[in-house]
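Taking the hints into account, I'd like the entire structure generated from these sequences.
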Amino acid sequence: MPPSNGYGALPTNSRQNSNGDEEQQPLLGDSSQTSKVSRWQKSMMTDVRRDWADIVLLACYIITGLLDSASISTWGSFVSMQTGNTVYFGLGLAAPHESTRWIKSGTSLGCFCIGSVFFSSLHRMFSPSPKRRWILCASFVLQMLFIAGAAAILTFGPQMSDARKEAIDWPVLVPIALVAFQSCGQAVASRALKYNALTSVVLTSIYCDLFSDAELLAPRNPERNRRVGAPVLLLIGAVLGGILARSAVGAAGVLWIAAAMKLVVVVFWFLWPAEKE
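In the working numbering, the protein residues as written are 156 to 432.
By construction, these hints were calculated from the structure, which means they are not laboratory data. It is possible that some hints are incorrect.
Derived Cβ-Cβ restraints for the label pairs, each shown as a range [unchecked claim]:
| id | residue 1 | residue 2 | range |
| --- | --- | --- | --- |
| 1 | 198 | 323 | 40 to 48 Å |
| 2 | 307 | 193 | 48 to 56 Å |
| 3 | 390 | 252 | 53 to 61 Å |
| 4 | 310 | 369 | 30 to 38 Å |
| 5 | 403 | 204 | 35 to 43 Å |
Mimicking DSSO-like on lysine-lysine, the simulated pairs with C-alpha atoms at most 27 Å apart in a straight line are [stated by the list, open to error]:
| id | residue 1 | residue 2 |
| --- | --- | --- |
| 6 | 349 | 431 |
| 7 | 349 | 197 |
| 8 | 349 | 191 |
| 9 | 191 | 431 |
Glycine included, C-beta positions come from ideal geometry on N, C-alpha and C.
Right under this line is the structure:
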């Protein structure tokens with residue numbers, strides 16, 4: 156029965172109640188949205204679990220193979236494997252007028268060293284733990300952007316030709332510098348995750364460790380499996396990169412593919428399980 160105030164029954168204000176319910180809905184929606192943002196922020200501030208993370212690092216060897224094979228085919232210098240660039244640079248210093256390869260190799264080597272300082276500082280200075288999810292995601296996003304920048308120069312800049320292969324102008328040196336700068340990001344990530352052997356930029360030490368392993372033929376040997384997987388995957392990337400660079404896809408297409416693969420790695424880190432607290 157409706158309540159009375161002594162002058163008759165009071166009307167029930169169903170409109171007001173209805174409005175009250177409607178006013179509460181946005182508040183509930185805001186609360187839910189805030190909860191989602193809070194969970195997302197908490198997830199990004201956790202450390203990624205190290206278990207099986209070596210699979211992602213091994214996949215980076217394919218990217219290295221793609222980049223180096225395309226770089227050698229296009230510019231005659233490496234952008235990841237700096238041992239070869241060091242040799243080319245030394246040969247160039249001995250005979251600087253025979254080729255411009257040493258200038259490109261020196262550019263790659265120098266930018267790789269600067270990138271090492273940058274990415275290691277990113278992992279150390281902005282987070283108490285180098286395994287923070289957001290740090291790994293940010294690192295690989297930056298790597299992707301640098302590769303995409305180099306790919307854009309090759310795609311929309313002056314077209315490469317055999318006559319320009321020895322050129323040392325900006326359409327050649329800038330892409331080399333960009334790709335070499337980002338290459339060390341994978342190596343720094345391997346250090347952050349304590350898989351120090353899986354730098355994706357060195358194979359000589361892996362070959363040595365593999366064939367000097369006393370348990371090389373053991374049925375269960377995770378370290379052996381990683382050492383086998385690294386050169387095999389890099390070889391696959393190098394073959395694919397060489398084929399694509401000589402096809403209609405070209406070196407620019409190889410770089411776009413590598414950038415897309417970096418984006419896939421970002422997604423993996425975003426979805427990777429967190430360390431148990």
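Now the hints, each set against the structure:
no., hint, result
1, 198 with 323: 40 to 48 Å, "46 Å, holds"
2, 307 with 193: 48 to 56 Å, "37 Å, violated"
3, 390 with 252: 53 to 61 Å, "35 Å, violated"
4, 310 with 369: 30 to 38 Å, "50 Å, violated"
5, 403 with 204: 35 to 43 Å, "42 Å, holds"
6, 349 with 431, "17 Å, holds"
7, 349 with 197, "23 Å, holds"
8, 349 with 191, "31 Å, violated"
9, 191 with 431, "20 Å, holds"
Of the hints listed earlier, those the structure fails to meet are numbers 2, 3, 4 and 8, in rising order.
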